[in-house]
Amino acid sequence: MSIHYKPGKEPHPREHRLIFKNIDRADWDNGIDCYLRDGGYAMLQKAIGMEKAAITGEVKASGLRGRGGAGFPTGVKWGFISPTNTKPVYLICNADESEPGTFKDRYILHQDPHQLIEGMAIAALAVGAKVAYIYIREEFPHAATICEKAIEEARQRGFLGKNILGKEGFDLEIFVHRGAGAYICGEETGLIESLEGKRPYPRIKPPYFPAALGLYMCPTIVNNVESLCHVVHILRMGGAEYAKLGKPNNTGTRILCVSGDVQKPGYYEIQVGHLTMGEVINDLCGGLKPGRTLKAIIPGGSSSKILKAGETYKIKRGAEVVEMGLEELPMDFDTMAAAGTMAGSGGVIIMDDSRDIAWVLNNLNTFYAHESCGQCTPCREGSLWMKKISDRIVAGQASPEDVTTLESVAYQIDGKTICAFGEACSWPTEAIISKFRDELTSHTRPELADTPKNPVTEKAMASL
Amino acid sequence: MVQDLSTISATIDGESHVIESGDTLLKFVDRHRGRGHVPTLCDAPQLAPYGACRVCSVEVALQPDGPRRVVAACHTPLAAGMHIFTESAKVQKLRRNIVELVLTDHPLDCLTCEVNGNCELQTVAAKVGIRGVRYPAGANHLDRAKDQSHPYMTSDLSKCINCSRCVRACDEIQGQFVLSMHGRGFNARIIKGLDTSFEKSPCVSCGACAQACPTSAISDVFQSKSIEASRKTRTVCTYCGVGCNLNVATKGNEILSIQAPLDSEVNHAHTCLKGRYAFKFVKHRDRLRSPLVRVNGRLQPATWEEAYAHIVENLTRIKADHGGHAVAGISSARCTNEENYLMQKFIRVGFGTNNIDACARVCHSPTAWGMQKAFGTGAATNSVEDLQYTNCIMVIGANPTEGHPVTGSKIKQRALKGVPLIIIDPREIELVPFATHHLQLRPGTNVALLDMLAYYIWEAGLTDQEFITKRCENWAEFEAGLKSLDLDALERIHGVPREKVKAAAIEYASAENAMAFHGLGVTEHSHGSKTVMTIANLAMMTGNIGRPGVGVNPLRGQNNVQGAADMGCQPHQGAGYLQVNDPSNHLLYEQFYGAHISNEIGLKIPQMYEAALAGHLKAMWIVGEDVVQTDPNTEHVKAAISSLEFLVVQELFMTPTAEYADVVLPASSFLEKSGTFTNGERRVQRVNAVIAPLAGTKPDGQILCEIMQRMGLSQPDYTPEGVLAEIARIVPFFKGATWDGLTEQGTQWPIQEGGIGTEILHIDAFKRGLGKFHFFPFQESKEIEKHHQEFPFILTTGRILEHYNCGTMTRRTGNAQIVTEDLLAIHPQDAAMKNIEDQDQVRIFSARGEVRMKARLSTEVQPGILYTTFHFPENLVNVVTSSECDEDTLCPEYKVVAVDIEKVHAPDATTIPALTH
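Chains as they are written, first to last, in this note's numbering: chain V, 1 to 464; chain X, 1 to 917.
Please keep in mind that the hints were generated in silico from the structure rather than gathered at the bench. Each residue gets a CB set at the ideal place from its N, CA and C atoms; glycine is no exception. Heads up, some of the hints might be wrong.
Said to hold, decoys possible - Covered by chain X, according to a simulated footprint, are these stretches of chain V (three or more residues, beta-carbon under 8 angstroms):
| # | stretch |
| --- | --- |
| 1 | 377 to 390 |
| 2 | 410 to 423 |
Unchecked claim - In silico negatives: residues of chain X with every beta carbon more than 10 angstroms from chain V:
| # | residue |
| --- | --- |
| 3 | His37 |
| 4 | Ser57 |
| 5 | Gln413 |
| 6 | Ser584 |
The whole structure should be built from the sequences, with the hints applied where relevant.
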């Protein structure tokens, strides 16, 4: 069956579409009839005939790594539910897509919600969940409405509810829960707290690992929207066949969300690792803007460490180690990790030489200072100080020592907080200072070095 | 074989120590290096690990030289073989940097701050060696307004370091959920309620937040965290039977503030607003400061010797003219064990009569009686601590969050953790929203409901036959009784749908360990004692006796109501619950006291009034009880005490009862004397004088010793140790009690030789041998039978958190600003029928009399039921209560009063002068 896309929305020839197969299709709508015409829910039917362990087995065999940012193997995560567990198990779809530079999940939610529901139903069957939630960020109000409608359609057709598709004891209800506009709700334990009706302070780990003590202190699996959609394709292709897509340990396809200084920013679903950074820029995105040169790339959402044009990286290729430039790096999990950053959520931000790195840093710090939940002291106080110092750098009101202070603030947040937001907010600063120290310092004024730091506190310090 | 140490130990900076199960890194380091060695801002011993400030960061490695990881010590579980580095350069720098960040947004007005010298931020800053702040002045929160709206609680959030300790204290300790964090990141701030003041929020002023706050961001008007005090004295609260330990800070002879000790087994750093803040009555201008003697019909100040001489003359004369039985004493559950012991000794030895009773008569006498009948011991079978081990909590006729706040909050916390909670109460009390089952019965029908519960347990086959056969007797008769029940009739009587009763029965009976608590809603009924025995039936038939997390546990109303009965302030039993009319006991008492002791059972309080009115009783001595205001049927009580020839009252304040006295002796409060109190879980705890007695007053024990000496009895001067030693010689379950041996935590009786206490009773066998089942069919209260036709509403009474009994003490503290009057709760449906609106003045009238108060429309009561508190005796609610009593113990039936109500109309429109033109 050939698929026709809306004019101007045709996939790039180098894309490999699984998840986004239906996005921008000419004859497509997000109703269940459309989804069923295209063979929808057949994989749920197939799953019902399988042992639970076999479904998880296929997902493990596929090598699927979570698409939310951390890249943790999905099948392994499912396997964490204790076999002796007697409590209810919950499945949560994390649709709180808030990482700056990332905009893939919203297209699935808007245009292909049944793909997600089918994936969730299969996942719920595999992990034994009878209740599942889709946690959607407040900023996606339409997505929430669409999902609610899709859930109702699926219920009416017997894909949700009691004894699904006639399988005795296979019950599943999915509820849409809307967030209230906080980035921290994308952190899985913060999300769980929010779902419980509380302030979304991330939980301390240990002891609150969701697979053991998650929602309502019951075992809980939290997966990203895209990850859950992949489950449908893994069942269709078989785990082993799916694993042939992409590269070993970096299997399947993933959606890159390219933004910034390129001719054609947008979403591109590629086989993981099949395109280099240069190919992404030049082939998929039509190259940089005329007359511009590449300055830096943030490869996996705003919190991933920046890569600077002209750098070289030592990357393992098979048994040998090769030195590569930025544009030669293949876009996969392991290569990004080897380059000192991460593939993260797939948000690729391209910056050309028109960008002032101090402004970039300040933009990122402003975001993270605004989104720190305020629970941990280093992050609550530190993220704001990172913003305040970078404000001064941008404004030309900083001294060179301020850059050092900024760096030290970042390092005292990194790894010293309850959740990974600490890393998320400090990595951009750490990487930008280490790679662009001179450019930042050029914004500063040495004569400001002796400016009194904080006369109030210095005076009062005597009483401590 | 030498055990491999690495499997049971971990190292701290190279030094090996044995680990304990449940250790976190911080607990482990605290234990071996002392609290504070690893600094922290957000961790507090009374709260769950939180992990937010990260100041407690340490480095951990699995090999001495292996790779190290920085973790927060407070929530990281300890494992054998770990190597902890608490002072590496890396963590020291980290801690310094964190504290530096905190200080960028802190006023640093340490020298003028109320907690200077006792501020955890200050201590931590000094510990980590802050030498300067590298950050320039910038946005901060130093201009936040102070909150001084509340009589007790204060806040100055410019000093807040966002550690959330207060929020966690409010959630985890009190369970009130008043405080929360609002906004995020740098804008995160503590709010009260929906961002209002302490006064307008639903705060219950327990002060847990103030005590938990590491700075002075949240504090109280007494500045309880300041180092102003020159001394701290540990003593026991006198506001209820929980027996909270208090740390009282004093300077000279002034009480500055009170905190709850962290290490107290009873209250774990928690107490309520009465214990923590309601102490200002101690030096209130209304305190009696001189004995008063009635001269020419008026009470006039006199010296102690004049007062004593007057007493000796009159009591000697009455004894000579009318015999010792013409004298009676009422002791006080507010006083110490030693004082209660002396009081009964004074009456028994001094007058050769058993006319001695205490206010337990009007509250828990049915508990003592009923539990003795069933088990052999009239006291709680278990400890409150057992809430940790129980799988089901049943609360019958008690409102613990108001009456026993610390126990109430513990029950709430367990319910929040998912332990099923069954509430049997005519009202929707504060615990109901947290409960699994609420059986909202009609007041006065406890027996009907509990019989039905027993029936459904039996019907479901959830009885513990082995326990019944081995440990109990009279089962067959009881079972026959259950079979004879008419469920339709019972359901009509108590008004709770039978399915609900059945579900609760199955919940209680199928729990591995189920624990019952009861209060005055059980005892203050005409079938109070029978209800207690019916609760005992439930525990026995399900085998819920004799192990942690089970049992029958009365929530004692007053601080020492247990002790007053233990010490023999009962007309039928002497010190140690020995029956006075048993010949061997009688001999024992006569030998012990070397005096003639009566072997006739004496008068109970209501009988004393009858005897006074009949002219048989000529003199009474009342210690610390305002019977006019608190006993039922006020006019009857007044008539009785007016007919006495001679009345002595020992009191803190002039009370309506003292108005009738011939001699009033000014006593000292619990903060001014030493002795022991026994709490509701049989824990004998030391009360230590915090300040010297107010000039002109004397501790009750001293008064009693002095009068005994003047009456010619051989009684040494009062010392708590001395009297306790005497008690230990006569009260069997105090055998091993010594002042020093009681320790700071107190000891639960029976106390064996060597001072060893007993946490759980009836482990292998009941005190009486076999536990005895008693079957009682429901009987309607005579009050309802006689008066329901004419007075169709049922009035029931209870108490609130903020006040204590008739308010003699609490109304002379800041609590009076929080709650200013008693209100009558009435269901909106009834109110509509009677044309009553919220806050309308209403008239409540019964067969005895009438009272007036304001109405409060509420669905907490069902239609037909009215509810009020009795803390403002000027309302004289006891004018309407009846003289109906528990058949076995004469405990008054406060909880069921047939009344009618009507709105008190504003002056008629016609009486307002008409407008003229």
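Results of checking the hints against the structure:
Beta-carbon proximity to chain X at under 8 angstroms applies to 9 residues in the stretch 377 to 390 of chain V; the threshold of 3 is reached and the given coverage holds. Residues of the stretch 410 to 423 of chain V with a Cβ under 8 angstroms from some Cβ of chain X number 5, which satisfies the need for three, so the listed coverage holds. The claim that X/His37 is not at the interface with chain V holds, since no C-beta of that chain comes within 10 angstroms of its own (minimum 19 angstroms). Remark: the non-interface label on X/Ser57 conflicts with the geometry, its nearest Cβ contact in chain V lying 6 angstroms away (cut-off 10 angstroms).
A cut-off of 10 angstroms between C-beta atoms confirms that X/Gln413 is not in contact with chain V; the least separation is 15 angstroms. With a least CB separation of 58 angstroms from chain V, X/Ser584 remains clear of the 10 angstroms interface cut-off, as annotated.
Hint 4 from the earlier list is the only one contradicted by this structure; the remaining hints agree with it.
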